[in-house]
Amino acid sequence: MGIRRVENMCGGKGHVIIKDILEGDELKGKCGLYAQVTIEKGCSLGYHEHHGETETYYILSGEGEYDDNGVKRPVKAGDITITPDGKEHGLTNTGDTDLVFMALIIFD
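Residue numbers (numbering that gives the first Met the number 0): 0 to 107.
Be aware that one or more of the hints could be misleading.
As the list claims (entries may be wrong) - PhoX-like cross-link-like pairs, simulated, lysine-lysine; straight-line CA separation at most 20 Å:
#1 K18 to K71
#2 K29 to K71
#3 K40 to K86
#4 K29 to K75
#5 K12 to K29
#6 K12 to K27
#7 K29 to K40
To be verified - Per label pair, the in silico range of CB-to-CB distance:
#8 K71 to E25: 30 to 38 Å
#9 D95 to G51: 33 to 41 Å
#10 G41 to R72: 17 to 25 Å
#11 K71 to M0: 18 to 26 Å
#12 S60 to Y33: 12 to 20 Å
#13 P73 to G28: 18 to 26 Å
#14 K71 to D24: 33 to 41 Å
#15 G1 to G69: 17 to 25 Å
#16 L21 to D84: 17 to 25 Å
#17 D24 to G69: 17 to 25 Å
Keep in mind the hints are simulated off the structure, nothing from the lab. Glycine included, every Cβ here is placed at the ideal spot set by N, Cα and C.
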């Protein structure tokens with residue numbers, strides 16, 4: 000289980016911390032990512048498009064603003080977002096604590 004800090008992920012502000020739950024061969028070639036992601040206060044994961052894959056977020060804690068193809072909405076613990084192939088999204092921490100979520104990328 001690796002932990003990595005990614006600066007300006009997808010053009011976002013600051014950094015995100017990615018804790019891979021499964022890696023490499025454990026993903027069986029069916030997933031691109033299964034990880035717990037932390038966006039600290041004042042940071043964001045930049046707006047980006049997905050190609051040949053679907054990404055789902057399950058918010059564990061904190062508060063944020065989710066940009067779903069240009070439509071922004073608040074997210075909090077218990078919320079789920081789904082970004083299918085060819086669609087775009089981004090996520091900004093708008094709270095005073097870490098925004099923590101599970102991220103799953105499944106190849107289409």
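For the hint 17 to 25 Å, verify it against the beta carbon of G1 and that of G69.
33 Å, violated
Given the hint of 12 to 20 Å, is the C-beta distance from S60 to Y33 inside that range or not?
At 18 Å between Cβs, range holds.
Take a quick look at whether K29 and K71 sit within 20 Å of each other, Cα to Cα.
Given that 20 Å is the threshold and the Cα spacing comes to 29 Å, the pair is violated.
Using the C-beta atoms of K71 and M0, is the stated range 18 to 26 Å upheld?
32 Å, violated
When you check the alpha-carbon spacing of K29 and K75, does it fall within 20 Å?
Violated, at about 28 Å.
Does the hinted range 30 to 38 Å hold for K71 and E25 at CB?
34 Å, holds
Starting from the range 33 to 41 Å, see whether the pair D95 and G51 falls in it by beta-carbon distance.
37 Å, holds
K12 and K29 were given as a pair; does the straight-line alpha-carbon distance stay at or below 20 Å?
Roughly 30 Å between the alpha carbons, so the hint for K12 and K29 is violated.
Does 17 to 25 Å hold as the CB distance between L21 and D84, or does it fail?
Because 21 Å falls inside the window, the suggested range holds.
Satisfaction of hint between K40 and K29, Cα-Cα up to 20 Å:
32 Å, violated
Starting from the range 33 to 41 Å, see whether the pair K71 and D24 falls in it by beta-carbon distance.
37 Å, holds
Satisfaction of the hinted span 17 to 25 Å by the C-beta atoms belonging to D24 and G69:
37 Å, violated
Going through the hint list in order, the structure does not satisfy hints 1, 2, 3, 4, 5, 6, 7, 11, 13, 15 and 17.
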